[in-house]
Amino acid sequence: MSGILNSSIGRKFAMALSALFLMVFLVMHVSINFTSVFSEELFNDLSHFMGTNPLVQGLMQPILIVGVIFHFVMGFVLEAKNKASRGVKYASNSAKDNSTWMSRNMLLTGIVVLAFLFLHMYDFWVHEMTVKYIEGDMSGLKDPNIAESGFRYYEELRAKFVDPWRVVFYSVCFVLLALHLLHGFNSSFQSIGANNKYVKGLKGFSKVYSIGIPALFIFIAVYHHFTH
Amino acid sequence: MMNLTLKIWRQKDANDKGQIVDYPISNISPDMSFLEMLDVLNQELIEKGEQPVAFDHDCREGICGTCSLYINGRAHGPQTKITACQLHMRSFKDGDTIYIEPWRAKAFPVIKDLIVDRTAFDRIQQAGGFISVNTSGNTQDANAIPIEKENADKAFDAATCIGCGACVATCKNSSAMLFVSAKVSQFALLPQGQVEATDRVLNMVKQMDEEGFGNCTNTGACEVECPKGISLENIARMNREHIKATLV
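Protein sequence lines correspond, in order, to chains A and B.
Okay, so the first sequence: first residue is 0 according to numbering that gives the first Met the number 0, each after it adds one.
Okay, so the second sequence: first residue is 0 according to numbering that gives the first Met the number 0, each after it adds one.
For the record, the hints were derived by calculation from the structure and aren't laboratory data.
Just so it is clear, CB atoms sit at the ideal spot from N, CA and C, and this is done for glycine as well.
Hints should not be assumed to be uniformly reliable.
What the simulated footprint calls covered on chain A by chain B, stretch by stretch (three residues with Cβ under 8 Å from a Cβ of chain B suffice, anywhere in the stretch; the number is not a length) [what the hints assert, rightly or not]:
1) 39 to 53
2) 93 to 104
3) 185 to 198
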């Protein structure tokens, strides 16, 4: 793998693979979150399974963390290399005539998504890690001493979306994620060499995916804010 | 007839810092080509005892890829699928201000005014943009080898790349991948190119990276500004060829 990273195409290939992995993860994440809209019990059961299953916690979660870190670090590395390749800037440049805003501002949208990730990790992940691995409570129950108290995940989720400013910030970040995906989805397929007559249909699907997934995340946050 | 203000990049030599200089110009016919308009300006400068503006040009019919002007923020000017020499003054209107700059890329250093050094492209081509053919007298006629129509057409389209460098100039990353992918594709699609396919893509991409061109981020600007309409599909093909050559 290190040999691949020595070439510009190899770096883009690795970047695209990490992007494809993260896009699959987003589908899984939004699917589980969406169950909270129609079934408290199902959401609690799925959350408890994901939070306590040894395979998910011991293998998939570390792979995901490595994937996220790799994607962001490689993004900054590629941007630095690309900036160095230009040198003197044009006095007049009409980039809007030949490329989309999304394609030219992947770093900006990526940084916003990164900022969102920090808040998101603080909101949910740090709390989960503290309860499970520092306090040693793997029960997932509201009161670990009373089995009938029920799982805590659904109520914790809804409590986070009481604050309207958090909902607004989440929504803005998901709009930026949509803009990131609108270029990133097709770009990742192009980088792995998938741009020919066999994948023409992907362009339409990419728009559905790039707008649909963030829209669902926004819907979930807004739904819990107004129904709390 | 039009009166225009030209804002042209002037740079004495590779070591000079360079700057934009304003030149008012009058009585320009809309039927003139853009390069003829520059010829008129240079004639005026020479008559005034000033240095004419240095710019690259040769065939003046969109074939050689020599002209390399960044006009009003676009490679080869405001029209698509033409070179700067095919651009006419009817694309502008009386009173316009026109910026004229050289290609900007670390791998294309300015030699003088609007002329840049594009020998990086030559070195990439020399690294693998060829096929080795026995020319001892027993050479097989290329047309004797049947080739699927679709592949023949795509190979021909890729081979229409004139190596002007507009793709590099317009790319925000100064990436040369459209050029290199066209040169890789024109052989990768044909049976004659298969023998050296692995070495070709590895060596050409290696040379491209060594020259200091940036990474492709798939903005698609190169495809829009390419005077020959070289498709981004060629970059995807080069990516496939390179990944296959690296991993298999």
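Hints versus structure:
Counting residues of the region 39 to 53 of chain A whose beta-carbon sits less than 8 Å from any beta-carbon of chain B gives 0, not enough to reach three: the coverage restraint is violated. Given as covered by chain B, the region 93 to 104 of chain A passes the check, having 8 residues with a CB less than 8 Å from a CB of that chain where 3 are the minimum. With 9 residues having a beta carbon nearer than 8 Å to a beta carbon of chain B, the region 185 to 198 of chain A meets the requirement of three or more and the stated coverage holds.
Violated hint: 1 only; the structure is consistent with all others.
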